[in-house]
Amino acid sequence: MLSAIAVCSVPMRSANALDSAVRAEAGVELDPAALAERIDQHLAARWKADKIEPAPAADDAEFLRRVYLDLAGKIPSVAEARAFLDDRDPQKRRKLVDHLLDRATFPAHFGRTLRDLMAPGATNNLQLQFLMPQFEAWLRLRLAADTPYDKLVGELLTFSSGAAPNVRANPFGGEPSPAVFYQFNEQRPENLAASTARIFLGVQVECAQCHNHPFARWKREEFWGFAAFFSAAGQQQNVFAPVADSSDRRGIQIPGTTTTVEPRLLDGSPPAWESGATKRATLARWLTAAENPLFARATANRLWWHFFGRGLVDPVDDMDEVNPPSHPEILDELARQLVYHQFDVKFLIRTITATQAYQLSSQTTHASQDDPQQFARMPLRSMTADQLIESLAQAAGLEPQPQNVRGAIVNPAGGRSQFMTRFADSGPSRTDYQATILQALTLMNGQLIADATSLTRSENLQAIVEAPFLDTPGRIETLFLATLTRRPSPDELATMQAHVDGADSADGRKQALADVFWALLNSAEFVLNH
Amino acid sequence: MDHSHRRPLLSRRDLMRLGATGVAGFSLSGWLESLADDAAASPARRCSCILLWMPGGPSQMDTFDLKPGHANGGPFKEIETSVPGVRISEHLPRLARQMEHVAIVRSMTSREGDHSRATYLLRTGYLQQGPIRYPALGSLVAKELGSDDSELPNFVSIAPFRAFNQAAYGPGFLGPQYAPLVVGDATVVVQQPNQAGDFGLKVDDLAAASGVTTEQADARLELWKSLEQGFISRRTTAAAIGHRTAYERAVKMMRSEAVQAFQLNDEPAALRDAYGRNRFGQGCLMARRLVERGVPFVEVNLTGAAGNPALGWDTHQNNFDSVRRLSEVLDPAWATLIEDLKSHGLLDTTLIVWMGEFGRTPRINPNNGRDHFPQAWTTVLAGGGIRGGQSIGRTSADGMTVEDRPVSVPDLLATVCTAIGVDPRKQNMSEVGRPIRIVDKDAKVVSEVLA
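Top line first, the protein sequences correspond to chains A and B. Note that my numbering numbers the first sequence so that position 43 is 43, with each residue one more than the last. Note that my numbering numbers the second sequence so that position 339 is 869, with each residue one more than the last.
In short, the hints are calculated from the structure, not lab data. Accuracy of the hints is not assured; some may be wrong.
As the list claims (entries may be wrong) - Think about it this way: if two alpha-carbon atoms lie no more than 30 Å apart in a straight line, the pair counts; the simulated DSS-like pairs of lysine-lysine are:
hint : chain 1 : residue 1 : chain 2 : residue 2
1    : B       : K755      : B       : K732
2    : A       : K346      : A       : K95
3    : B       : K971      : A       : K219
4    : B       : K597      : B       : K607
5    : B       : K956      : B       : K971
6    : B       : K956      : B       : K732
7    : A       : K219      : B       : K956
8    : A       : K151      : A       : K346
9    : B       : K974      : B       : K956
10   : B       : K755      : A       : K510
11   : A       : K219      : B       : K974
One chain only, chain B, in its complex shape (with noise of 0.2 Å):
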């Protein structure tokens, strides 16, 4: 894979320039420089990885994996797309014209119908049993291709709906220095534009309080400086010395160019429209600006449209409406994605993964909903690292179970670290002692969907 074309988007020198002009607010002396110098002489940045987590459970009957002409089949209508032979819902129409992009795979399989349970699995690879918290993919993600000293985590997650499961969020045994900046907690609905006109898709506190000037916070971050140095001095462990990093690099982001990655108003308002002016359309688009800042991990969720609850993908009712409505804020929003990835040059390295914790039953429920559905569902993969323009197993006509080349969820997790240039069987250290690979050892990587 090609990594060459990533070029930094800001140089040594540029930052140095930023520091001296006090436009990045370098104002203390000692450590914030060092670092600030360590983050521009970083190596050159790899494979990104995005992705789009449907909470709920979307239903692959009406959206990847359509039944037409089976009592099963509901209302939605196929349609071609721009690879012959793959065909999609009707209210995916503009992704259905990026579809040589695209490798659907229709043949997930699991045990999990559990919301929760469901969760932890597909975010982190295994069952959450025993004393082993298990990070999720993107703290792993952000250990292996992130970079210690860069400005922005390495994990961010946009608009996430943490409540089924909060560890499946969490960077587990591996520590919070892998956890996730949360842009947005999507747990509150805002889906209405809001007076920022932002959906709520900011860092919390990444300002100083109102009122507070640079002067003060200066001020005041030089008398916390003296006071950490002196507990620090007496006390030489590593909890006194990461409590001071972790500050130093919340310090460095505050001040830092590189959170110009969260001030969508810097877009062209055309493209901000392309996405969709709504959370997870905006998510998006921040996501794509993060990956061109190289953040390796960015988690986009799409949690409810206009109209719908926060959950809207969890159909027990009104299955149809619900899908339609949530399709129609995913269709442009992904689709501009692959577009505006492409048209940065950062398509080829950059793997797009869309998928949800289960998902729904074939069969509509007296409600015109449809449930939870773990045994034969659909996850899908676009971008980089990947084959695109193909369909990857099969379900049965009454879509009830697989009967090509089942999945299973580490499968598809091996596949996705694959694509993106991380060794599923590499082992951390857990908690307990216990050396723990990144993906379970008898998963199989699902070869013929990589690049």
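Excised from the complex, chain A in its bound form (with noise of 0.2 Å):
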């Protein structure tokens, strides 16, 4: 505990001076495989040392299913499917990663994963819905042009709006813009220094909004003299009203008394102004300078997350010194690499791809795998209503709707929306998944499987029906790999091989592999990421 405690509070208590021994001691700048393989000695010595025995090592199919969720958010089609997994190139996966790297579903992906981090929820709410197509495009952009996190953060928190989005007189015209997360947090200096605390750097501060916190180093003043960075003279406390800053200096007053405190750095430094630069630029500044190791570490903390379904430090949002992380030394590395590289996401991503870890298996062998915090095994995670719906039209050859920005008030109990709405009730982490009756029935009985399964209006269904080159193991083996990425086993093809030549009819077996298409898309393994 006491050298949980000294990692963690000494990076934060010398935020703005750069502990020159870590760098020092850190050495170079290290490429993705070579960062990938220390990960991974980090990870076995542990193994070692606990007697873990991890899951063996994922198979082509599984990867390639895995990887294409992560980075495409959605599942490979049949020909992309095929086409790797009979690619004898022992280079295929680093080169599956790159190339997802380079299409536009990983800017796709990726803008709506920082969309639900930065405005979680927002998608359903009917006063902030329709502004989010723009802070998603918004996102996408600057992903698409490799903008590095520092930026992106930076620009997100030094936005203003010169005037007010008029939202009343053209609702969905309007430019790609992060105004949304200002919105989101209702515009209140105490809503968004909470939200930027805990996103950014991976730390609740909020509960020293009312009180001093009960755990960690905070108290009600330091939280709102870091509110009072996000206070600007005349403010209006109106949601949609324009996003303001301010190059005053002036504090706030903390609600309820006669005190007013001074903006404030949550290491306790004081702001390093300069002539001119409004209170978020000069907060910004500090937040993602190389210098802060809390914004580094809880950036390589979440994108661990996002490949794991597991923080180093679990939950993400929670980097306190009685939170430790599982592994000390692989969180050091990343965020000090992640400096190195300039804040390049796809750096890490390539990295944390080619660790042995990120390519184990989801299988259970061994009972010592369960210990979530040792990495010994990929956990099963749920998918996000975007990547089920996703596979879903790729699995099926469907158009995916677009997303029916107006539909809150119309009907949205239409497609995409009414999806969305039934599948945001997941469970409180990736990897502690649990359906809903609700979602079982919508996946037994609703309208998009019975488009997917219907041999007039489901694509691919009627061509892996038709196909007059397929026979029936063929068509089959081609219904798995259009669902589960991967060939079915002999007692699987030997199962569904009955089912379908028990019909006494051509029209029958047509509809008997409707059937097996139906159990395909409702298996736990179809809807699950493993």
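Mind docking these for me? Both chains are given alone in their own frames, and the hints should help you get the complex.
Shown next as structure tokens:
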């Protein structure tokens, strides 16, 4: 415990003066393969010490499906699956990652991922949902341009809008904009401060809003001092007012008291005001600085979470002295290398996906793998509603319905937004998946599945059932590839074939293939990222 | 509280018989039957709660806390009720005759005047801040009073309007097993009777897609079962098992007698008329049918009346016409619900809660409307667990402030919990590893409301 406190609190307190000893000891910039190897060494050393027997390596099919879901936000097509599975190139996994990072699906998927991180739940919020496409587009453009993460966050934190967005006149025609981050936080300094600390620094300070923090070091004055960066003179307490910034250095009055506190950084250091710089620009410069170890650590930790469903510090927004990382040395290395690589998110993605840890199977082979802190087996992760609907569309060859932004009032029961609403109730964490009854009903009996398994409406099913060059085992294999991204086992093939051959007519056999497709789409293996 | 008169609707033997004749459709071998046995063996049911949720924020000045003679009062008159001294709006005449079962809390006070924030506060008992996803009251009650293997979900939400704040309608950190079963999403405006006469009050996707025969559905489930077993045998984790459990519960519900609860056609036409042939009225009838079958928490949303916008209670304009129309929907439905529960012997064990996210400004604005007002407003409790025939607290003559017995939102929710036999101080573990009480520790039960 003592060492854990030292690990967390030292960087926090010396945030404005980079620990030069750490940098010297850190050595050099590593490439993804070298850093991945180092991570695997740390994990393996712990496995050995704790007598853990890790899961076997994921086979190509398992890796393929996982990496598509994590980087493209959907499963691969049959053609993509066949090409990869039949490829003999020993470098094909690394090459696939490079390919997926270059495709337009990466900024689209990571744009949604960051959208959900920065404004969680807002896609289903009546007052905000019509602004979300603008936010998503803003994020997507920056990811497509490989904007370093520190710059992206800096831009977000220094955003101000000249005029109020005229949402009533033109609700859907707006330019790409991060304004919704401010509206999501109701433009309240205390909400913006708490969100900023939680999302970008991985710390929860909001409890200190009302009283002194019971566990960590922040006092009420410190919280409001941090919130003061988000207060601007003459600011309206109105969600949809223009997003204002201010170059004054005024403090903020703690509500319900007569105390006014000056702007103050979370590490207690005085702000480095530059003449003419706004409050939030001053804050952003401190927050995203290479010298601020919290930012790099929180970013690395969140990226790790994206690929493992669990952070090195978990929960990811509770980087507190009493909640130390499971592998401090890995978090340190990742954070340090992220800084060396100028906050290049793709660098960390290449690294993490290259680790043996990421490429472990999700199959249970030994009870010692059950401790999630050991990363000795890939956990089963639930898909986001976006991943699920995109994957269903991919499997069935349905056109993914464009997000119906206007749908909230007119017809939210239709199409994607209904689906999004129903699948928004995912569990407390990605690795603690629990389906709801309503979700099961939707996938068993809903319109989307009816379309997907319709011999007349599902393009893919039609093609697989009609293809003259396929026999029944070939058709079943193709259905497996389209849904589970793998070929059936001999037993599975026999079961499915018996069902198809049991039909007494050509039409009956087609219908039986549709039944196979239905069962595959409803399986845990389809609906989970594993 | 006496629960002994509550008999399960179907005995274990009934269920077995239904299964044997195939009426309940348990044609799959193994797990389905064993679950059905468990359901039949579940213990006697306990208290229930019906939440009448009024999204948009109803005007207390024109329903339960009128100020006749004051400039803020508006045109509505007060009427006497069955309880001397307790007077309510002239547009709630039938409820007035049931007042001995009703307790009015006229001294609600909170600080949240924004739809989204206030909706979250009223429905979860907590402010939405930080990473903790607080569960809706319905999910909390479902966990405390529900049964894990019941045929019907333990939280049913009828015609919810979730767009203000979806999280306020969800199970939060309790997890999806406590999520509500939604019957008829109210964001779609269906106020006129549709062809089926059910006003869209149905469980989506409860039946197999059209064209899928029972044999085909069974065959599909057999194929599905083989895939599921293969996957779970290789990955024995909670996620994989949870997936199978959700499907088992869904299939069980699809094929159970209990889904008859959603078939309002079984009710006499005269009773359906009495509730009101509109979505809210029929929703209240469905709530009784669900409570009768042991569902511990049902909410019915009143979003609008015929000719009103979807959010009828958000009366920034044209307040009086809107509130009158809404009252004409609310009054027969609520009064009939009380009578109907009573005639089924359910009133003593069913608490009815009427509330929205806040009240409305006493001062009438230039558009003849009233705006958001959280400082002094009204909620109402009726039925079981409480002492009816009283009003609690008092607002000033102009309605602007609470003058007596202020009741906070946590106070109210702690009172609701206590009335139905849930300990509000009980803690659940949140997703951040911090225990969270069902209701905030500072909440004080309004003891004079309790029976």
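So, going through the hints one by one against the coordinates:
no. : hint              : verdict
1   : B:K755 <-> B:K732 : holds (28 Å)
2   : A:K346 <-> A:K95  : holds (14 Å)
3   : B:K971 <-> A:K219 : holds (22 Å)
4   : B:K597 <-> B:K607 : holds (9 Å)
5   : B:K956 <-> B:K971 : holds (10 Å)
6   : B:K956 <-> B:K732 : violated (34 Å)
7   : A:K219 <-> B:K956 : holds (28 Å)
8   : A:K151 <-> A:K346 : holds (14 Å)
9   : B:K974 <-> B:K956 : holds (14 Å)
10  : B:K755 <-> A:K510 : holds (21 Å)
11  : A:K219 <-> B:K974 : holds (28 Å)
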